[in-house]
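K.L.:
Given the structure of chain S, go ahead and fit chains P and C onto it with the hints provided.
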Amino acid sequence: VTPRPAETRRPRLVTLTTDLGWAYAAQMKAVLYRSLPPGTVVDLAHDLPPHAIAEAAFVLKHMASGFPAGTVHVAIIDPGVGSSRAPIAIDCRDGSRLVGPDNGVLGPLAASLGIRGAVRLDPGRLGARRRPSVTFDGRDLFAPAAARLAGGAAPGTLGSALTPKPLALPRPARKADGASGQLVHIDRFGNLITNVPTPWMPAGRRRATVTLSRMAARTARLVRTYADLAPEELGVLGSSFGLLEIALREASAGERLGANVGDRVLLRWLPPGARGSGKR
Amino acid sequence: VTPRPAETRRPRLVTLTTDLGWAYAAQMKAVLYRSLPPGTVVDLAHDLPPHAIAEAAFVLKHMASGFPAGTVHVAIIDPGVGSSRAPIAIDCRDGSRLVGPDNGVLGPLAASLGIRGAVRLDPGRLGARRRPSVTFDGRDLFAPAAARLAGGAAPGTLGSALTPKPLALPRPARKADGASGQLVHIDRFGNLITNVPTPWMPAGRRRATVTLSRMAARTARLVRTYADLAPEELGVLGSSFGLLEIALREASAGERLGANVGDRVLLRWLPPGARGSGKR
Amino acid sequence: VTPRPAETRRPRLVTLTTDLGWAYAAQMKAVLYRSLPPGTVVDLAHDLPPHAIAEAAFVLKHMASGFPAGTVHVAIIDPGVGSSRAPIAIDCRDGSRLVGPDNGVLGPLAASLGIRGAVRLDPGRLGARRRPSVTFDGRDLFAPAAARLAGGAAPGTLGSALTPKPLALPRPARKADGASGQLVHIDRFGNLITNVPTPWMPAGRRRATVTLSRMAARTARLVRTYADLAPEELGVLGSSFGLLEIALREASAGERLGANVGDRVLLRWLPPGARGSGKR
Numbered sequence: 121v122t123p124r125p126a127e128t129r130r131p132r133l134v135t136l137t138t139d140l141g142w143a144y145a146a147q148m149k150a151v152l153y154r155s156l157p158p159g160t161v162v163d164l165a166h167d168l169p170p171h172a173i174a175e176a177a178f179v180l181k182h183m184a185s186g187f188p189a190g191t192v193h194v195a196i197i198d199p200g201v202g203s204s205r206a207p208i209a210i211d212c213r214d215g216s217r218l219v220g221p222d223n224g225v226l227g228p229l230a231a232s233l234g235i236r237g238a239v240r241l242d243p244g245r246l247g248a249r250r251r252p253s254v255t256f257d258g259r260d261l262f263a264p265a266a267a268r269l270a271g272g273a274a275p276g277t278l279g280s281a282l283t284p285k286p287l288a289l290p291r292p293a294r295k296a297d298g299a300s301g302q303l304v305h306i307d308r309f310g311n312l313i314t315n316v317p318t319p320w321m322p323a324g325r326r327r328a329t330v331t332l333s334r335m336a337a338r339t340a341r342l343v344r345t346y347a348d349l350a351p352e353e354l355g356v357l358g359s360s361f362g363l364l365e366i367a368l369r370e371a372s373a374g375e376r377l378g379a380n381v382g383d384r385v386l387l388r389w390l391p392p393g394a395r396g397s398g399k400r
Numbered sequence: 121v122t123p124r125p126a127e128t129r130r131p132r133l134v135t136l137t138t139d140l141g142w143a144y145a146a147q148m149k150a151v152l153y154r155s156l157p158p159g160t161v162v163d164l165a166h167d168l169p170p171h172a173i174a175e176a177a178f179v180l181k182h183m184a185s186g187f188p189a190g191t192v193h194v195a196i197i198d199p200g201v202g203s204s205r206a207p208i209a210i211d212c213r214d215g216s217r218l219v220g221p222d223n224g225v226l227g228p229l230a231a232s233l234g235i236r237g238a239v240r241l242d243p244g245r246l247g248a249r250r251r252p253s254v255t256f257d258g259r260d261l262f263a264p265a266a267a268r269l270a271g272g273a274a275p276g277t278l279g280s281a282l283t284p285k286p287l288a289l290p291r292p293a294r295k296a297d298g299a300s301g302q303l304v305h306i307d308r309f310g311n312l313i314t315n316v317p318t319p320w321m322p323a324g325r326r327r328a329t330v331t332l333s334r335m336a337a338r339t340a341r342l343v344r345t346y347a348d349l350a351p352e353e354l355g356v357l358g359s360s361f362g363l364l365e366i367a368l369r370e371a372s373a374g375e376r377l378g379a380n381v382g383d384r385v386l387l388r389w390l391p392p393g394a395r396g397s398g399k400r
Numbered sequence: 121v122t123p124r125p126a127e128t129r130r131p132r133l134v135t136l137t138t139d140l141g142w143a144y145a146a147q148m149k150a151v152l153y154r155s156l157p158p159g160t161v162v163d164l165a166h167d168l169p170p171h172a173i174a175e176a177a178f179v180l181k182h183m184a185s186g187f188p189a190g191t192v193h194v195a196i197i198d199p200g201v202g203s204s205r206a207p208i209a210i211d212c213r214d215g216s217r218l219v220g221p222d223n224g225v226l227g228p229l230a231a232s233l234g235i236r237g238a239v240r241l242d243p244g245r246l247g248a249r250r251r252p253s254v255t256f257d258g259r260d261l262f263a264p265a266a267a268r269l270a271g272g273a274a275p276g277t278l279g280s281a282l283t284p285k286p287l288a289l290p291r292p293a294r295k296a297d298g299a300s301g302q303l304v305h306i307d308r309f310g311n312l313i314t315n316v317p318t319p320w321m322p323a324g325r326r327r328a329t330v331t332l333s334r335m336a337a338r339t340a341r342l343v344r345t346y347a348d349l350a351p352e353e354l355g356v357l358g359s360s361f362g363l364l365e366i367a368l369r370e371a372s373a374g375e376r377l378g379a380n381v382g383d384r385v386l387l388r389w390l391p392p393g394a395r396g397s398g399k400r
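Chains as they are written, first to last, in this note's numbering: chain S, 121 to 400; chain P, 121 to 400; chain C, 121 to 400.
Take the hints with a grain of salt, since some may be wrong.
Same chains, same names: a pair is fine if it fits in one copy or spans any two.
Claimed, not checked - The calculated lysine to any residue pairs, modelled on SDA-like cross-linking and capped at a C-alpha distance of 20 Å, are:
#1 295 x 323
#2 295 x 155
#3 285 x 347
#4 285 x 310
#5 181 x 154
#6 285 x 141
#7 295 x 331
#8 285 x 158
FYI, nobody ran anything at the bench for these hints, they're computed from the structure.
Same shape as in the complex, but just chain S:
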């Protein structure tokens, strides 16, 4: 992908990802549309779990990384709004720009797109003369910055260089007969997305025991897709994220198992032919 020149004429798309709900996000759209043409703002999600930085970072990476090079991605999951955490913009290798608080939420997306540089946003350079409050930087600081970037401004004109804070993400571990990791996301269906790569599931095995934090081990079937499961049967399969997921057919594994993002996950592949030792 060839990066677009910094001062391109054609406005870029601006995507919005927040835990703010639609009403606050609408105030950001108002700011953006004061200078951008119709259709340039794309709502990704405004219903992310409140204040959950690591899960939002995971979801954002998967939502945003497929957008065209040059897109401006704004992410407002910002429990530290108004504190000393920096407001930042990241200049990515493909010409995309990322805008949000420097709390790690932009980290995985930035890493996947490649970082060319980053700045700490300077309110004074954004024409944010009078800050009406310190509790909604999404509207008062990040939306004006995104509008400028979408209009073609170079990130360097909006603040001074900074190195974004990294987000420490848990790493999965491969074991002789299984894998350990964490739940990194629970989707709308209640499917439990782990951080264990799908290729770690061995060919030729048909069952595993699944152990989540604070819960007894359960037997699950290793399957290709949801429809391979019987009703109420627990399964492990390759999710669309390239990571293993734990699912029930047409029911919420999250609710049934009382699982939460951040729970530890232990998967143990059972020998071929085994019927499992955990409870169903």
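P.N.:
Same frame as chain S, now just chains P and C:
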């Protein structure tokens, strides 16, 4: 309406209707915006009840049929993703195209727009070289197909002809003193939408008994609009779908009556002057 | 801001604010896109609390007032649909137009933009020949009116002059050692937005007692932003609305306190050094 030529220059609108939630839908938008201009993707709903094909088919028909001729409508309610159910595109008489799984969800909309032909989508012809997973055809197969169709590709270039599977919908029955049918949709207010046509409600009657699956009969007033009801009073009125609905004024009939989509409905018109025999 | 001429060529943005949920709102978008170009319809919120006119009026004012002059704002919170309440369009001083029921929901936004005139919408002049129902004016009346206004029609061509009904909003009262008011909005985080202006919070005070309808007094800390609070600590701070809010750090004050929009609020500033008399 004159159908637009298959290879039109101006990109068409693409609407998205899913039970996936916003985060997965965002991944579909990323794919679409890789080739389509700003503003062409319209979110209809991403919060449909999970896996509820018949209700989604009903809602989709009413949401999408008013869009301009030539629009591409994508519907992802797909509990059988990755199984042998076919991925399809339907070519409609007005030039609209429908994209989704061949599980009936597109059926009522297709019937109302008129079917000119349909194809089974061929991943090989969609440039979907490497399928990253088999659990998210919305992103990996249907969004690329919709992008091609919106760009002007003829459906026949994306796969081979097929006859879509019909969706068996329940039919209401007219009776001497009433009607029987089913609940086909419960809206955000908890209003219960039946499949009984509004014109079946007789003029000159003022009350009916309403019996839902597993519930005792209740008396309801036949009214024109919600504001005709007293607080807490149950009513039957003509919904905006052209079908009778059962409602409480500014309260959820769905919650109060414990009703579910698919419940049987029996309506019995009471003689003029009757006060009703069911409990209030 | 210079108002745009009434018969401008370039279509205006149309924003949608409803309590209808996404599925009904989609039917309004279908109507709008039959005549407007891609990207002109902007979803603000479709998940407002059902039938809550005063709260919607408050939220609408804050969402919509930042949009460019000339935008058409449609608000459908309409428990009286089909009754004698008038359907209206308001012509604002900056060229913006507001469309919705005459129940007060448009009042605060109209007041903040300045009213130049208003009309009662005439279905006959909107080409709404056959009203399919009386329960969804958003689709059958307001969306066609918005499409005409966005296309450049002067409001006076769509109906006859009327004076919109005012919305009686509660007023806060300043007291020697505090303030009284009401909860006007609860946001997605459960923060309680009052109608007490932020500048009424005295400098040099550090604590207050907070009393809500039907609840015992509690002590809260007066802070600048959420991050100044300890976990579980109750705080009072300046919200992004320019009004005081009552919040817990990363938790829902609404759920913990069982608060509702409309609850009375009494704030009493404690003397410097006081530790508070209410329970924590």
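K.L.:
Now tell me, hint by hint, if it's right for this structure.
P.N.:
Against the structure, the hints come out as follows:
{"no.": "1", "hint": "295 x 323", "verdict": "within (15 Å within a copy, 60 Å between copies)"}
{"no.": "2", "hint": "295 x 155", "verdict": "neither (54 Å within a copy, 42 Å between copies)"}
{"no.": "3", "hint": "285 x 347", "verdict": "between (42 Å within a copy, 18 Å between copies)"}
{"no.": "4", "hint": "285 x 310", "verdict": "neither (31 Å within a copy, 29 Å between copies)"}
{"no.": "5", "hint": "181 x 154", "verdict": "between (28 Å within a copy, 16 Å between copies)"}
{"no.": "6", "hint": "285 x 141", "verdict": "neither (26 Å within a copy, 30 Å between copies)"}
{"no.": "7", "hint": "295 x 331", "verdict": "within (14 Å within a copy, 56 Å between copies)"}
{"no.": "8", "hint": "285 x 158", "verdict": "neither (34 Å within a copy, 32 Å between copies)"}
In this structure, the earlier hints numbered 2, 4, 6 and 8 are contradicted, and the remaining ones agree with it.
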